[in-house]
Amino acid sequence: METFLQSHLLWLTLTLAVYAGSSWIFSRLHLGILHPLLVSTVAMISLLKLSGVSYETYAESTDMISFMLGPAVVSLGYVLYQQIDHIKRNVTSILVSTFAGSVVGVASVIGILRLTGADEAVIASIAPKSVTTPIAIQLSEHSGGIASLTSMAVVICGIFGAVAAPYMFKIFRISSPVARGLAFGSSAHGVGTAAAVRMGAVEGAISGLAIGVMGVMTALALPLVSALMRYID
Amino acid sequence: MIAKALTILVFYLIGEGISMLTGQFVPGSVIGMLLLVVALAAKIVKPENVDSVAQALIANMVIFFLPPAVGVMNSLDVISRNILGIVLASTLSTMLVIATVGLIQQKIGVRRFRKRKKER
Chain A
1 METFLQSHLL WLTLTLAVYA GSSWIFSRLH LGILHPLLVS TVAMISLLKL SGVSYETYAE
61 STDMISFMLG PAVVSLGYVL YQQIDHIKRN VTSILVSTFA GSVVGVASVI GILRLTGADE
121 AVIASIAPKS VTTPIAIQLS EHSGGIASLT SMAVVICGIF GAVAAPYMFK IFRISSPVAR
181 GLAFGSSAHG VGTAAAVRMG AVEGAISGLA IGVMGVMTAL ALPLVSALMR YID
Chain B
1 MIAKALTILV FYLIGEGISM LTGQFVPGSV IGMLLLVVAL AAKIVKPENV DSVAQALIAN
61 MVIFFLPPAV GVMNSLDVIS RNILGIVLAS TLSTMLVIAT VGLIQQKIGV RRFRKRKKER
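Protein chains in written order, with the working numbering: chain A, 1 to 233; chain B, 1 to 120.
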């Protein structure tokens, strides 16, 4: 029984089953909060806690799934190429709007967390939250943050951004596919891009581009905004 | 199909190599993505060298985030101590980023395709 519970095959199978199940529910109900990633994450954590299996065992079992993220990001280059005309026409506006977004993102996190009385390590961990995990962790550790807290904030923001973006587009009348894709990718990195791909080809490609651009912009904005906010304090 | 997967892996590998040489600041996958765009634009790689495999990977991208997301279970104590701040900062700030980026891009970007209406 013990070895069965620890087996890679079991957790790999359960992961696909839980994901397939939550995707099916999502396709039927189309409720934002039932995002398959959110439902599957909660379900998998519950299953692991119930069976007393560690995350380390689970991570090993599902290694081949998480590995695929790398090739999937590389593949975004293909959709990006198909939309290259949109990008060429919008180079300046893409750079300006993502830089503004990264400044607003970092400043609002620092401001809100200071108001709620969080300590500096938590602030440093969450400030780079809109960026794809590998970049976010680099930035967080550089400024004294906690890596696991950063990766959690990145996942939460990814899911939340992917769910909230369509509503935000309606409220603010954001209808341009380029603007939508850029907003998806710069607020919710890869998870947002997966949602953007479902909305349309342009949205998906631009969102993929935004992951990289937002990473670089946040790296620039983070020290700038932190210094400025320390000065105001 | 193997040849298409190979092409993608080669770009991933080159990206990882460059990433390691430059202090891993930008992830290898993002560098690989940019190199693939350049190679396609320069016609070094043809679209049919990657198309179906690339599309399949992108169409199923969400599940690839599931294992790292489950990793949250290891930091449940830090989270519960700072839950209010984390939730407020993540949600409000994410909405601000969406509005800022979306509105600025829409205002100053080229709007040729604005008329196209498509939900979900």
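Everything labelled a hint here was simulated from the structure, so no lab data went into it.
Don't take every hint at face value.
Here are the simulated BS3-like cross-link-like pairs (lysine-lysine), alpha carbons at most 27 Å apart as the crow flies [as the list claims (entries may be wrong)]:
| id | chain 1 | residue 1 | chain 2 | residue 2 |
| --- | --- | --- | --- | --- |
| 1 | B | LYS107 | A | LYS170 |
| 2 | B | LYS43 | A | LYS88 |
| 3 | A | LYS88 | B | LYS46 |
| 4 | B | LYS43 | B | LYS107 |
| 5 | B | LYS4 | B | LYS43 |
| 6 | A | LYS170 | B | LYS4 |
Derived, one-sided and incomplete: chain B residues facing chain A with beta-carbon distance under 7 Å [as the list claims (entries may be wrong)]:
| id | residue |
| --- | --- |
| 7 | LEU6 |
| 8 | THR7 |
| 9 | VAL10 |
| 10 | TYR12 |
| 11 | LEU13 |
| 12 | ILE14 |
| 13 | ILE18 |
| 14 | THR22 |
| 15 | ALA42 |
| 16 | PRO67 |
| 17 | VAL72 |
| 18 | SER90 |
| 19 | GLY102 |
| 20 | ILE108 |
Note that the coordinates shown come from a computational prediction; the quantities given were computed from them, not determined experimentally.
A virtual CB, placed ideally from N, CA and C, is assigned to each residue, including glycine.
Agreement of A:LYS88 and B:LYS46 with the hint, judged by alpha carbon distance not exceeding 27 Å
Holds, because 20 Å separates the two Cα atoms, which is no more than 27 Å.
Under the criterion of a CB-CB separation shorter than 7 Å, is B:ALA42 in contact with chain A as hinted?
With a minimum Cβ separation of about 10 Å from chain A (threshold 7 Å), the hint on B:ALA42 is violated.
Against chain A, with CB atoms and a cut of 7 Å, does the hint on B:SER90 hold up?
Hint holds; B:SER90 Cβ to chain A Cβ min 5 Å, cut 7 Å.
Satisfaction of the B:VAL72 interface hint, Cβ to chain A closer than 7 Å:
5 Å, holds
Residue hint B:ILE108, partner chain A, criterion CB-CB below 7 Å:
4 Å, holds
Under the criterion that the straight-line Cα-Cα distance not exceed 27 Å, is the pair B:LYS43, A:LYS88 satisfied?
17 Å, holds
May I ask you to test the interface hint for B:THR22 with respect to chain A, counting a Cβ-Cβ separation under 7 Å as satisfied?
Since chain A brings no Cβ nearer than about 12 Å to B:THR22, farther than 7 Å, the hint is violated.
Satisfaction of hint between A:LYS170 and B:LYS107, Cα-Cα up to 27 Å
16 Å, holds
Can we keep the B:ILE18 interface hint, with Cβ of chain A closer than 7 Å?
At about 13 Å, which exceeds the 7 Å cut-off, the nearest Cβ of chain A leaves the hint on B:ILE18 violated.
A closest beta-carbon separation below 7 Å is what the hint needs, so does B:VAL10 meet it against chain A?
Violated. Min distance 9 Å.
Close enough to count: is the Cβ of B:TYR12 nearer than 7 Å to one in chain A?
5 Å, holds
CA of A:LYS170 to CA of B:LYS4, is that 27 Å or under?
39 Å, violated
Violation of the numbered hints given earlier is confined to hints 4, 6, 7, 8, 9, 11, 12, 13, 14 and 15; the remaining hints are satisfied by the structure.
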